[in-house]
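Student: Below are the chains, spelled out letter by letter.
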Amino acid sequence: MTLLTRVRGDLAARNVKSTLEGGDERVIEIVRLYEEPVLPTRAERPRGPRGFVVDIGRTTETVLGELKSAGTFVGSLSAEALTSLRRPWSVNWREVAPLSERMGADAVPIILLINFMVGIITALNSVSQLRMYGANIFVADIVSLGMTRELAPLITAIVVCGRSGAAIAAELGSMRVSEELDALQVMGLSPVRYLVFPRLMALVIVVPMLTIASAAVGIVGGALVAKAQLDVGYASFVHEMQTIAKPWDMVSGLIKSVAYALTIGIIACQQGFAASGGASGVGRRATSTVVATLFALMILNSGFTWIFRSMD
Amino acid sequence: MDSVVATKHLSIGWSADEVLLKDIEFEVKRGEIFAILGASGCGKSTLLRTLIGLSRPLAGEVLIEGRRYPDERVEKPIFGVVFQSGALFGSLTVGENVALPLIEWTRLPRPVITDMACAKLRLVGLEESAEKLPAELSGGMRKRAALARAMALEPSLVFLDEPTTGLDPIMAAEIDELILKLNQALGVTVVMVTHQISSLRRLAHRCMMLDPEAKDIIAEGTPDDVARSDDERVRAFFESDRPS
Ligand SMILES: Nc1ncnc2c1ncn2[C@@H]1O[C@H](COP(=O)(O)OP(=O)(O)OP(=O)(O)O)[C@@H](O)[C@H]1O
Ligand SMILES: [Mg+2]
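Chains as they are written, first to last, in numbering that gives the first Met the number 0: chain A, 0 to 311; chain B, 0 to 243.
Next comes chain A alone, as it looks inside the complex (with noise of 0.2 Å):
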């Protein structure tokens, strides 16, 4: 029937008349069936030029697209931001603790347990050096400094973007195409005050509180080790600690971990409003949160150890 229906319509398409003759009635009536209407064997879409360089060329231009929305959206966010602190009653405080329920508290356990692990392995990793050295001691700034400087904002913010990122991004995105956004915005809600703004607040409240919960229990898997394998009590592990730690290492890592809450949330909520084409659509910009946000917690993790290192 395909062949029969292909080989009619390759004939019509030059031009040449072709009938069907001492069918069964039945069958012609259904070769018709699948004629009709004659469609016309579709054109190739018209396809750019491809290679190396066209790629290259084509990925700068999403990329640079990309940061252009997120430019414009960090524009309107400050100027609700404006509006907001003329009116802050408009903003939806009120999701602000049940959000960062399930942002924070429902992370507590994932977030403890891998801040755990990490400060283990980091004092592991140094047990050899440090005994060749019989350095032992130093095991506690090593875990200490490590932990509250750069570790535990780190992998608190990695994994936040993994849970509530894409989570985020997902909740916004099928508001996107489902048309809540827009019933929203019709209705007079602004969804930057009503969505966005108590999911950043939600996260820079939770972010800092789980980094330093998780600082704590890293440097308490940190001192496991030294006492299972490097002979520092946990007395002279706190003593240690309490001279080389300052509060400004902490409070560094917390700014960090500020930082990094907003732009989780940022990238999150922009990556959400800009969903179109359906679930899978709004798959795609969850993945793309995840990764974005990585990219961008990576480089101002540098930044800001650059920075925090030229003012020590």
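Keep in mind that a hint or two might mislead.
[Stated by the list, open to error] Residues from chain A that face chain B, not an exhaustive set, calculated with beta carbons under 8 Å:
hint : residue
1    : 177
2    : 178
3    : 179
4    : 181
5    : 182
6    : 184
7    : 185
8    : 186
9    : 187
10   : 188
[Unchecked claim] Pairwise CB distance ranges, derived in the manner of DEER restraints:
hint : chain 1 : residue 1 : chain 2 : residue 2 : range
11   : B       : 132       : A       : 87        : 25 to 33 Å
12   : A       : 68        : B       : 126       : 41 to 49 Å
13   : B       : 15        : A       : 64        : 16 to 24 Å
14   : B       : 77        : A       : 112       : 49 to 57 Å
15   : B       : 1         : A       : 92        : 38 to 46 Å
16   : B       : 130       : A       : 305       : 50 to 58 Å
17   : A       : 13        : B       : 135       : 56 to 64 Å
18   : A       : 208       : B       : 132       : 28 to 36 Å
19   : A       : 64        : B       : 132       : 30 to 38 Å
20   : B       : 221       : A       : 6         : 48 to 56 Å
21   : B       : 224       : A       : 59        : 50 to 58 Å
22   : A       : 17        : B       : 169       : 50 to 58 Å
No lab work stands behind these hints: they were computed from the structure.
The structure presented is a predicted model; accordingly, all values stated were derived computationally and were not measured.
The C-beta atom is built at its ideal place from N, Cα and C for all residues, glycine as well.
With chain A's structure known, arrange chain B with the ligands on it following the hints.
Tutor: For chain B with the ligands alone, coordinates are given in the frame of chain A:
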């Protein structure tokens, strides 16, 4: 009668090569039910989105109550909208969905707002479902809930995108009655997209028909006038409904 919605040289589309409608002008007068007809995909929903300020027109302007729309001011919305998909908020119950604009735009105490939301739901026969989430409703129930939400602030103008598509005939007739009641008793101006010839004849004071080829309005007037048009495309639309 003065005009509530008017367009001037309005062109809509997705880009300069994907124009859906070109240079169209029409007017909706106060207190009338105005229907927008046209083949699927000719841009009715997009036109509606442009009228309510969600899409930017390629050219031209939309005037609502004589003012250019959209303007930047944050103020109480002057119209209600029912989207084609309903667009209820999935995380809120049906009752909360209806209450949301009231919470935002009135200073009434909570119990009063709940009562008002209930009254709106009763209007569309959904008072039983106030506690349910939108995901637990059928498609037709979602449409009705969306209508209740659009009426929450008692606007004097509503935009409806296919309010009765996907409803059973009895429910569709009930919604038609409801729209008629809103219009006659409360004087609400209604702009609706519809495919149902029956509701068109029952409700609309005037209608216009869009055509994807001409990218223009090909007929405008009372439903009877339009039905009598000798344009092939318009007749095909109306005759498709006639029992053969
Ligand atoms: N995001 C988009 N980008 C480009 N084109 C689009 C987009 N969304 C819709 N279109 C196209 O715009 C046209 C008009 O769509 P619209 O939803 O306004 O049609 P409609 O008249 O409401 O149809 P229906 O009666 O089926 O609801 C369609 O042909 C569709 O293919
Ligand atoms: Mg439509």
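Student: Each hint: holds or not?
Tutor: Cross-check of the supplied hints:
1. 177: Hint holds; residue 177 of chain A Cβ to chain B Cβ min 6 Å, cut 8 Å.
2. 178: holds (4 Å)
3. 179: Hint holds; residue 179 of chain A Cβ to chain B Cβ min 5 Å, cut 8 Å.
4. 181: holds (5 Å)
5. 182: holds (4 Å)
6. 184: holds (7 Å)
7. 185: This interface hint holds because 5 Å falls under the 8 Å limit.
8. 186: Given a least distance of 5 Å, the restraint on residue 186 of chain A holds.
9. 187: Holds - the Cβ of residue 187 of chain A comes within 8 Å of chain B, reaching about 4 Å at its closest.
10. 188: holds (6 Å)
11. B:132 with A:87: 25 to 33 Å: With Cβ atoms ~30 Å apart, the hint holds.
12. A:68 with B:126: 41 to 49 Å: holds (43 Å)
13. B:15 with A:64: 16 to 24 Å: Given about 18 Å between the Cβ atoms, the range holds.
14. B:77 with A:112: 49 to 57 Å: holds (54 Å)
15. B:1 with A:92: 38 to 46 Å: holds (41 Å)
16. B:130 with A:305: 50 to 58 Å: Roughly 55 Å apart at Cβ, these two residues keep to the hinted range, so it holds.
17. A:13 with B:135: 56 to 64 Å: Given about 57 Å between the Cβ atoms, the range holds.
18. A:208 with B:132: 28 to 36 Å: About 31 Å separates the Cβ atoms of residue 208 of chain A and residue 132 of chain B, which means 28 to 36 Å holds.
19. A:64 with B:132: 30 to 38 Å: Distance hint for residue 64 of chain A, residue 132 of chain B holds at roughly 36 Å.
20. B:221 with A:6: 48 to 56 Å: holds (52 Å)
21. B:224 with A:59: 50 to 58 Å: holds (56 Å)
22. A:17 with B:169: 50 to 58 Å: 51 Å Cβ-Cβ, so the 50 to 58 Å window holds.
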